[in-house]
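There are 2 protein chains.
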Amino acid sequence: MAVYTDVAADELEDFLGRYELGKVLSFKGIAEGVENSNYYLHTQAGTYILTLFEKRVAEADLPFFVATMEHLAARGISCPRPVADTQGRMLARLAGRPAVIVSFLDGLSIRRPTTEHCRLLGAGMARMHLAAADFPLRRANALGPASWKGLYAGSAAKAESAFPGLPALIGDELASLDRAFPEALPQGLIHADLFPDNVFFLDGALSGFIDFYFACTDALAYDLAIALNAWCFEPDGMFNVTKARALFSGYRAERPLAPVEIEAMPKLARGAALRFLLTRLHDWLHHDARAFVTPKDPLEYAQKLRFHRASTRPGELGL
Amino acid sequence: MAVYTDVAADELEDFLGRYELGKVLSFKGIAEGVENSNYYLHTQAGTYILTLFEKRVAEADLPFFVATMEHLAARGISCPRPVADTQGRMLARLAGRPAVIVSFLDGLSIRRPTTEHCRLLGAGMARMHLAAADFPLRRANALGPASWKGLYAGSAAKAESAFPGLPALIGDELASLDRAFPEALPQGLIHADLFPDNVFFLDGALSGFIDFYFACTDALAYDLAIALNAWCFEPDGMFNVTKARALFSGYRAERPLAPVEIEAMPKLARGAALRFLLTRLHDWLHHDARAFVTPKDPLEYAQKLRFHRASTRPGELGL
Numbered sequence: 576m577a578v579y580t581d582v583a584a585d586e587l588e589d590f591l592g593r594y595e596l597g598k599v600l601s602f603k604g605i606a607e608g609v610e611n612s613n614y615y616l617h618t619q620a621g622t623y624i625l626t627l628f629e630k631r632v633a634e635a636d637l638p639f640f641v642a643t644m645e646h647l648a649a650r651g652i653s654c655p656r657p658v659a660d661t662q663g664r665m666l667a668r669l670a671g672r673p674a675v676i677v678s679f680l681d682g683l684s685i686r687r688p689t690t691e692h693c694r695l696l697g698a699g700m701a702r703m704h705l706a707a708a709d710f711p712l713r714r715a716n717a718l719g720p721a722s723w724k725g726l727y728a729g730s731a732a733k734a735e736s737a738f739p740g741l742p743a744l745i746g747d748e749l750a751s752l753d754r755a756f757p758e759a760l761p762q763g764l765i766h767a768d769l770f771p772d773n774v775f776f777l778d779g780a781l782s783g784f785i786d787f788y789f790a791c792t793d794a795l796a797y798d799l800a801i802a803l804n805a806w807c808f809e810p811d812g813m814f815n816v817t818k819a820r821a822l823f824s825g826y827r828a829e830r831p832l833a834p835v836e837i838e839a840m841p842k843l844a845r846g847a848a849l850r851f852l853l854t855r856l857h858d859w860l861h862h863d864a865r866a867f868v869t870p871k872d873p874l875e876y877a878q879k880l881r882f883h884r885a886s887t888r889p890g891e892l893g894l
Numbered sequence: 576m577a578v579y580t581d582v583a584a585d586e587l588e589d590f591l592g593r594y595e596l597g598k599v600l601s602f603k604g605i606a607e608g609v610e611n612s613n614y615y616l617h618t619q620a621g622t623y624i625l626t627l628f629e630k631r632v633a634e635a636d637l638p639f640f641v642a643t644m645e646h647l648a649a650r651g652i653s654c655p656r657p658v659a660d661t662q663g664r665m666l667a668r669l670a671g672r673p674a675v676i677v678s679f680l681d682g683l684s685i686r687r688p689t690t691e692h693c694r695l696l697g698a699g700m701a702r703m704h705l706a707a708a709d710f711p712l713r714r715a716n717a718l719g720p721a722s723w724k725g726l727y728a729g730s731a732a733k734a735e736s737a738f739p740g741l742p743a744l745i746g747d748e749l750a751s752l753d754r755a756f757p758e759a760l761p762q763g764l765i766h767a768d769l770f771p772d773n774v775f776f777l778d779g780a781l782s783g784f785i786d787f788y789f790a791c792t793d794a795l796a797y798d799l800a801i802a803l804n805a806w807c808f809e810p811d812g813m814f815n816v817t818k819a820r821a822l823f824s825g826y827r828a829e830r831p832l833a834p835v836e837i838e839a840m841p842k843l844a845r846g847a848a849l850r851f852l853l854t855r856l857h858d859w860l861h862h863d864a865r866a867f868v869t870p871k872d873p874l875e876y877a878q879k880l881r882f883h884r885a886s887t888r889p890g891e892l893g894l
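Sequence order for the protein chains is C and S.
Offset between the first sequence (1-based) and our numbering: plus 575.
Offset between the second sequence (1-based) and our numbering: plus 575.
What the hints contain is simulated information worked out from the structure, not anything from laboratory work.
Take every hint as true, because none was put in to throw you off.
Any copy will do: because identical chains look the same in the list, a pair fits if it lies in one copy or spans two.
Lysine to aspartate or glutamate pairs mimicking DMTMM-like chemistry, simulated, CA-CA at most 25 Å apart:
hint: 1; residue 1: 871; residue 2: 586
hint: 2; residue 1: 733; residue 2: 872
hint: 3; residue 1: 842; residue 2: 872
hint: 4; residue 1: 598; residue 2: 681
hint: 5; residue 1: 871; residue 2: 610
hint: 6; residue 1: 598; residue 2: 778
hint: 7; residue 1: 871; residue 2: 585
hint: 8; residue 1: 598; residue 2: 772
hint: 9; residue 1: 598; residue 2: 691
hint: 10; residue 1: 871; residue 2: 629
hint: 11; residue 1: 630; residue 2: 589
Please work from the sequences and hints to get the whole structure.
Here it is, written out as structure tokens:
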């Protein structure tokens, strides 16, 4: 959660003058999203989320993210829909930051997903992947395997004293991934951050996806691997194969997995664990105390990484 | 701003089962209120704020706060109105904390109040004071002058190293207030925390007051003194007598000030400056890094206190 930027009422009113949303009735910072400032915005036209992009999101990527949401929403995937101003622009600036207004999405994120939530997530993710099949834009995954050594370089000096033993694990993993990270898998648009806080449920159904600001073009199965790590481990660190089976079967009911994707899953999951371990480690060591954010524990992902290093067959993951 | 407590979706749904608000559609932590956790709550019945009271608010005081909002709302003062459950109870427990659901209030808080905002605030405050004239409950001001020495005792040991010179100012002030804090002024219900973030405006009118969790029975003029300090100084620390005049004249158009209240204002403002200096100093020195709160600068109020020590006539404050 994060609200970094203060927006004054008069600044907001000036800004909204460029939209056809009527007068502003309410505006509150909300505790949602880690990288950006998000605000609940109620106007005479309805309810919206206003997002201000803080420095971690590259401004050059914003047209891609906006187009992603536009494309998916137009194909019936429930996700925030960017709102255009009177001149048709969906990207703007407010308080010195890039800004976007999107539609407000009802739904609740689930802290303790059940097996059924995992199945619904799998099915919804597959539908999102299929809906993006004709999406024309491409964006490389800025946090893909090619970035991991550089990402770790910024943390290496302080890592051992903060987390004894962690550099040995990471070093070994970076060396072995060089030889082994799967390539040549079916590619497409992936969300790349489908943690439980980015998925809404309502009345026992998946009601929407939010926070598309890591979306990119990558192996579709990698989206599943990220979600496997985020949804199918219990709070005590144990892998729950029943939830994993539900995630995969939900997905495969909508989009069958190719044998090469099934075969690659253990290594994708191992890579996904390393990717979140590295970003969490970075955020832990470079935490800005002024940000209203508690950094997430890197060791949760070290434990998941160790699990995947020991489990190399798809069957062990429920596939 | 603060969101301290995590509420799980299933926990929330169980809790809402006791209310007639229909199904929950959305629930988000919002960055509002310093002492409590506040959530935007959208249900089939409408939009609400759910507040969880963290430890600083005494549970025994909650019936007073709830009755205050009920009373004022029933008399046409725009403020959050507590929502009763099916058994008529307005106080509940959620996630191990006392909890209350109140109506959602439209409006924007103003970071840079103009002279007109000050006038509107004065008039609205006076109407609130008048509307509470027949409010039967009483609550002593737990942060009144009798508490200040004890409050400072918890900060004294660390104050000099954090803010050189501040203990001398505070010690001198505590000693002189013993002889001089005004008593025997017209009493009644005061909000006691009317900072700009607790006052909403819409379309050039005051649209509501929020956050009644410091409300108490005290000198009515003390509410004005608190607001004088919070609204009538510029960001550079300069006192703006034009804004002060607007605040007072707005108030007096609705409720005339007695000569004794006018005479007392310099000392009330000086006491109000000390009160917020002491609580900010305490919060600064005892800041919980896990709370999503940046402690406010105590020195802002040290500067206001020094101003009031030098200005002893009501005329200097615009009265």
